[in-house]
Amino acid sequence: MSMVPVAHATHWVTSVLYAAPVVVVVVGLWWSSRNAADADDQGGQA
Amino acid sequence: LSRAPRGAPSARRLIIASAAITGAAAVLPATAHAHGFVGRADLPIPDWLFVWAAAIVLVVSFVALGTLWRTPRYATPSFRRTSRVDRLVSARATEVTLGVVGTGLLALVLYAGFAGTEAPTDNLAPNLVFVLFWVGLVPVQLLLGDVFRALNPWRAVGRAAGWASRRAGIAVRHRPYPERLGYWPAALGIFAFAWLELVEPEGESPVKVATATVIYSLFTWAAMAVYGTERWSQRGEAFGVYFGLFARMSPWARHNGRLGLQPPLAGLASWPAGPGAVALLAVMIGTVSFDGLSAGKPFNQAISGVLDTLRGDAGLGAPQALQAVFAMTMVLVVAFAAGLYWVGVAGAGLDGEKSLGHLARTFAHSLVPIAFAYVAAHYVSLLVFQGQAAAYLISDPLGTGADLFGTAGASIDYAVMGAETLWYLQVGFVVLGHVAAVVLAHDKALVAFRTPRAAVRSQYPMLVVMIGFTTLALWLLAQAREG
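Going down the list, the protein sequences come from chains A and B. Residues in the first sequence are numbered consecutively from 238, following the numbering used here. Residues in the second sequence are numbered consecutively from 117, following the numbering used here.
FYI, nobody ran anything at the bench for these hints, they're computed from the structure. In this text, a Cβ means the ideal position worked out from N, Cα and C, and glycines have one as well. Check the hints yourself; a few may be wrong.
The calculated label-pair distances, taken between Cβ atoms and stated as ranges, are [unchecked claim]:
1. 275(A) with 455(B): 46 to 52 Å
2. 469(B) with 275(A): 18 to 24 Å
3. 275(A) with 540(B): 39 to 45 Å
Same shape as in the complex, but just chain B (with noise of 0.2 Å):
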């Protein structure tokens, strides 16, 4: 008996999934485990199994989809208009005064970052930019959608230009952007700032913050210029896009002008990814792993070898060394990152109904909610810790010895969350994360093939990625917190 055509494609891409993915997964912790990891006394079970839990809540969460979720439901979701909400957040005066504070914030990072002390810990511009505005501002897109796009500096700035050529009588043209571009500008820019963050030496030093931020800054506005306020914020501004992804999960959402809530996450389903897109998000994934990979011991113990080549043989000195190392290692990780998505993707395509790309961008916006996982995650012991800084450097924004507001004496309560609390709150958000995933996944597999029980298939590969990627999360985690 020769096999029907339908059930090999499926052992196919059972094996193209799992050649690339019980690879990485097994060679990642073997590295991690080498030498001086030691579980932590205080949880009483080991951290090898939270990645087996997390990986049968999402086994049963795609079986339950299966069974339970025959039809698209994000592709018409529901939508119910809050006008009065709608009337104050549209309201001429809240558009204007959410941009001045944007401006203004943007301004003091400037002058913070020029005029004040150059320790980093004692200046407000790198806490500013580095845990309210980048880690802190997620959940707030999270909860209550696109706050950004209010707030934003460069729009903000962008717009009131506008309005005065316009009020001057002074024609101005924008280029069409092009489509090729898609969000490649953002993934850049994303990328950049990542760089700054983690690889630059000293990339925290105040200076270097508002050097990057007055460097970016003209470029948006230049891009802005060319290809128009709105365009160039919707594609190309890379935080614009960053955080519009994640407003794009929240119930808030805007149909027709219209503001409203919808069910969370249906804002993805409509999110019109186009060239550019993957990588994004693979530069939104990879940077954070990066980042928890490089705090582990692991890592600095597999790299000690490599940092001495390059200081003997390269004859480069030690910041230099440890920079080439960094820098190579996020730009492998990213790649890695994208790479396991594009397996699921080619399993996924198999039966050749459709082409790898356009699956690519058909299932991307289901790494938004990956993403977030690892930004939250991650960071959420910075955010709740460095986050407390805030509070003692609105009075003392320059490192200056000043007591603007009388909060200058504060200080940072670390006994706020426990090691504990904080594990299972990482691995709650990982797990969250990724069962989203899978629903976003799931429910656009129905739009995309012909029959529930084709979609239901066309996802083995992309469930494999996903448990894929919730391993890497929970051992980069762990490896972070044994430090």
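Next comes chain A alone, as it looks inside the complex (with noise of 0.2 Å):
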């Protein structure tokens, strides 16, 4: 049984990459605004 998701992987890794962009995308938008929110306290501390 353990084989099985092994077994299956094209298919499923297939599938991860139809959802892949949204979470691609969803990773850069939150790591744009952590360095924007990071460089407005600093501006603010200046």
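Two independent chains are provided; combine them into the complex using the hints.
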């Protein structure tokens, strides 16, 4: 039974590829927001 | 150091957006590819790569808008009056002629439905309703503006009745349209139509189509008698509202009663989205999504166990079990479409400056190009292929072997468009529709938020939602293609 996920890897790996753009964009926007907030913090302190 | 107040909501927005969207987008394809999914050999790249390309186009568009589109342009769009066309279109004779044509087509549906053969493919009524009307009018509205308003048989009969009652000296007083009803009647009407097409057993039966037309017509005219023809046409008459939304994407528009040209999509920015607007658009997107989902092998494999249970334990017949599963799924998919949008709205509203209800209505118009993309991409093949059937059905509308116009021997040319061309066309519709949605949401955010920077940040979750809708659309199309 433990072999099943490995044997079907090509199926679910392809499935993950469909959702990947959403994940990448979410991470990118989160990173961008965090950097912008840090920059705001530093600007406020200066 | 404590995080600046402006940054924290942005991160929370992203977390909220990602929680729902990535979960849904990941779960759906996972079931889709369980077994039996084989990539098409005639496409040079796999399907999922199209999703990547579409997402990149959306992100690039979003960045370009944030950089180059710094002031709202659709709030006061340019308008150029076209006097000659206006005179022709607005002429009394044109209005009456188009109203008579629309009413005649309604009568033709009823006649063919009740008097013709029961075979849906040999009877004009189902083709006229589900192909030429439901799908074929959409590109017409997009290119030429609200043609359906003039053709609308229910409005034409309502106006004729009003004219006749005035001539007879009968004073008719209409009740004010309850604002809380908003677009809910239209949403229910479109849902009922989708139910007939997708859930009702043998919903394409000519008699069922004609019977549904009679019921809808009587209800509509009764509502027009109570609330007034024009008011009900604008808010409650499902098809008037449905096609009117697509017409707002058109460059053709009326300002102060005058016909003219304005930038495409500008009409949507001024759409008065009231109660039920989001529900209406969720129904438009969700029902088409359900149609794509139910055509795919993964869905039919997934429901086989549920059908067995309903037939065995609940004692339902096979058609009833299938109808129950289809009905539940269609409701769930509509709810999912609405939920996806509310996630984006909730993210945009985390600053707490505006209520979620207000924001939901503010950005609701950006769902219209998405609804268009779903309809165009999903039904373009239906229009291209089944639309050709009109050539022989018009000569033999009842399926009795008649040849009224000498075209009864015509047939459908399935070679008119190849599978590859169709796929690229579908991807094009999906991408263009979602880019248009991003543009509309961005322009409205510039009006709704105090600074361009705040406007762009408010749209982070909406961008994720748009990419989520794009992923869903392309995945559904890929599933339906594999059948």
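Hint check:
| no. | hint | result |
| --- | --- | --- |
| 1 | 275(A) with 455(B): 46 to 52 Å | 32 Å, violated |
| 2 | 469(B) with 275(A): 18 to 24 Å | 23 Å, holds |
| 3 | 275(A) with 540(B): 39 to 45 Å | 43 Å, holds |
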